[in-house]
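Undergrad: Here's the letter readout for the chains.
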Amino acid sequence: MSMDETIRTKLTAAFSPEHLEVLNESSLHAGHHHTGRPHNERFPRDGETHYRVRIVAGAFTGMSRLERHRAVNAALADELASTVHALAVEARAPGEPGRRGT
Amino acid sequence: MSDIKELIDQEVKSGDVVLFMKGTPGFPQCGFSGQVVQILDYLGVEYKGINVLASDEMRQGIKDYSNWPTIPQLYVKGEFVGGCDIVREMFQAGELQQHLSQNGIATSSAA
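As they're listed, the protein sequences go chains A and B. If you're matching positions, the first sequence starts at -13 in our numbering and goes up one per residue. If you're matching positions, the second sequence starts at -3 in our numbering and goes up one per residue.
Be aware that one or more of the hints could be misleading.
[Unchecked claim] Mimicking BS3-like on lysine-lysine, the simulated pairs with C-alpha atoms at most 30 Å apart in a straight line are:
#1 B:LYS18 with B:LYS59
#2 B:LYS44 with B:LYS1
#3 B:LYS59 with B:LYS73
#4 B:LYS73 with A:LYS(-4)
#5 B:LYS44 with A:LYS(-4)
#6 B:LYS1 with B:LYS59
[Claimed, not checked] Derived CB-CB ranges, DEER-like:
#7 B:SER51 with A:GLY44: 37 to 43 Å
#8 A:GLU82 with B:GLU75: 20 to 26 Å
#9 A:ALA67 with B:GLU91: 28 to 34 Å
#10 B:ALA102 with A:GLU4: 40 to 46 Å
#11 A:GLY48 with B:GLN88: 34 to 40 Å
It should be emphasised that the hints constitute simulated quantities derived from the structure, not laboratory data. Cβ coordinates follow ideal geometry from the N, Cα and C atoms, glycine included.
Kindly produce the complete structure, drawing on both the sequences and the hints.
TA: Next up, the structure:
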């Protein structure tokens, strides 16, 4: 299973979202150093390191931003501890306006 | 409390606004850290930047301290506020300015 699919599967199981987008943004970070690794080791263009998730789920109703992010982080704890280096989270409850007015 | 936790606890409480980041405020070494620096600078907030790349122990320790898997991490009055996304969303909604002023921290741009 690709990392995109793993993330999708885990978030679906955890939150039964109404809407879920999993975007691999690794190519945007290609070439930036993986700090703590040898100096010449950089993120590859086809990597599975940087993700953005847009998720709308009833489970987030009444939760603060921090609580929502923590819940998503907890669902993806294994991935964050291994290959996923950065995870941007846009979590909304149904009916809340999005950043782009959607 | 382990040594590193104690050290981090001291750092977190060493200023009103403390940012654990990759690089320094003058030279951020990660785009996410850089975004938070830009927001704090825009607001004219006085803050202390701590470069986690200076120490592997600190880099892992801060994640354990807050139970938050990524860096940057912003603390106000010893309390974890959030990472890059949360700080940006709060800033865009005017909530960050509000949170700072509620904690008695001066910003130069009007909230």
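Undergrad: All hints are to be evaluated individually against the structure, with a verdict given for each.
TA: Verification of the supplied hints:
1. B:LYS18 with B:LYS59: Given that 30 Å is the threshold and the Cα spacing comes to 13 Å, the pair holds.
2. B:LYS44 with B:LYS1: 18 Å, holds
3. B:LYS59 with B:LYS73: OK: B:LYS59 and B:LYS73 at ~18 Å, within 30 Å.
4. B:LYS73 with A:LYS(-4): With Cα atoms ~35 Å apart, B:LYS73 and A:LYS(-4) exceed 30 Å; violated.
5. B:LYS44 with A:LYS(-4): With a Cα-Cα distance of about 37 Å, the restraint between B:LYS44 and A:LYS(-4) is violated, given a limit of 30 Å.
6. B:LYS1 with B:LYS59: With a Cα-Cα distance of about 10 Å, the restraint between B:LYS1 and B:LYS59 holds, given a limit of 30 Å.
7. B:SER51 with A:GLY44: 37 to 43 Å: 42 Å, holds
8. A:GLU82 with B:GLU75: 20 to 26 Å: 24 Å, holds
9. A:ALA67 with B:GLU91: 28 to 34 Å: 30 Å, holds
10. B:ALA102 with A:GLU4: 40 to 46 Å: Between B:ALA102 and A:GLU4, where Cβ atoms are some 42 Å apart, the hint holds.
11. A:GLY48 with B:GLN88: 34 to 40 Å: Violated, since A:GLY48 and B:GLN88 (Cβ atoms, about 21 Å apart) do not stay within the stated range.
The earlier numbered hints that this structure contradicts are 4, 5 and 11.
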